[in-house]
Structure formats: C-alpha cells, structure tokens
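Undergrad: Sequence:
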Amino acid sequence: LFVFQVYLNGQEFNAWMLFATAAILFLMLAMFTGGGGLMHGGFIDAKLSLKLFPIYGLAIVISAFLDPTHKMTVYIMAGTVLGLMILYAAFLRNYDEWPEYQYHATRDLVALTDINPKGKVKAGAEIWWARTIGPPIRKGERVRLVALSGITMIVAREEESASAAAETGQQNE
Numbered sequence: 324l325f326v327f328q329v330y331l332n333g334q335e336f337n338a339w340m341l342f343a344t345a346a347i348l349f350l351m352l353a354m355f356t357g358g359g360g361l362m363h364g365g366f367i368d369a370k371l372s373l374k375l376f377p378i379y380g381l382a383i384v385i386s387a388f389l390d391p392t393h394k395m396t397v398y399i400m401a402g403t404v405l406g407l408m409i410l411y412a413a414f415l416r417n418y419d420e421w422p423e424y425q426y427h428a429t430r431d432l433v434a435l436t437d438i439n440p441k442g443k444v445k446a447g448a449e450i451w452w453a454r455t456i457g458p459p460i461r462k463g464e465r466v467r468l469v470a471l472s473g474i475t476m477i478v479a480r481e482e483e484s485a486s487a488a489a490e491t492g493q494q495n496e
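In our numbering, the protein residues as written are 324 to 496.
None of these hints come from the bench; they were simulated from the model. These numbers come from a predicted model, not from an experiment. Treat the hints with care, as some may be off.
[To be verified] Derived DSS-like pairs: lysine-lysine, alpha-carbon spacing no greater than 25 angstroms straight-line:
no., residue 1, residue 2
1, Lys462, Lys445
2, Lys462, Lys443
3, Lys462, Lys441
Build the full structure now, drawing on both the sequences and the hints.
TA: Structural data, given as structure tokens:
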C-alpha cells in the first residue's frame, strides 16, 4: 500500500516518515527472519542485523539525497521486502519437511576436559558444562547423560550411568 500511494499519488515524504518506516522495517527484519522472534534468539539476530543494516541504510540515505521526492527510497524499501520474500520462497521451500533438530541428544557424549567434579562435555557439535556425582571422568572418555540442571549436564561413565541415575533421583526427592 505504501508503494501504491507513492506511485499513484506522487506524494512526497518527509524525512521523519522515512525514518519511521525504516525503523519499523529494521525491527521486522530483526525479529521475523532467520529464527528471529524475541523468544527464539531475536535479539541475537538484531545484533547481526545491526552489523548489516548500515549498508542498507547507506543506500537509503544516498537515494534520499539524490531524489528529493523520496520515491526512490520507497522503492528501495519495498524492493527489499519483495526480495526477502523471493529469497524465502527460493531457499526455504519445503521447510516443513526438513529433518528436525533433536535438542538434548544423549548419544555420543565425550568428555572434553577432566570432569572432577566439573568440566566440559561435547554433545554432537555443542559443548556443555558438565558435572559428575560419581568418580572423576578423564578427558576423552565416553559419558552418558544422567540429568540436566539448567545448562549443565549431570553425567556419568557409560557403565556407571544406571547407578548414577538412581542417586540423582534420590537427591532430587
């Protein structure tokens, strides 16, 4: 609608209107793209967008100086939205059929450091803080997940995991 208003009516926009539109567009890009959303890392995306936004902002500022009617600026903003829609359709088609990521996968856990009683564990491509309630675990040993406590995995050696799980259950009661 914004583009049609500019194209059909030939209306000129003040700088504050363009600034408000750019701010809203930036917030939309930061919150609704690439796993955005404030509860899914939107602020992290906003940080990345702040690094990329000056390039986009520079194009808008240059077009605002070159075209006093600001029509070109409106077309750049609308073209950006249309371009993102096309990229989304091209690269994220069949998104519903992509394999799901299994969060908290409990297979292939390896101690990255000595765990005595605290250390680090590698779970796939992720590195977690780890704690053991049993005997110390050496670097490189395979471990099993016994429980989760916030962002810390409670782990035990693979052969000790059954007894450690029972101990953890007793401690939580």
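Undergrad: Look at each hint and say if it fits the structure.
TA: To see whether the hints hold, each was checked on the structure:
1. Lys462 / Lys445: holds, 11 angstroms
2. Lys462 / Lys443: Holds, at about 9 angstroms.
3. Lys462 / Lys441: Since the Cα atoms of Lys462 and Lys441 sit roughly 12 angstroms apart, the hinted pair holds (cutoff 25 angstroms).
Hint violations for this structure: none, all hints satisfied.
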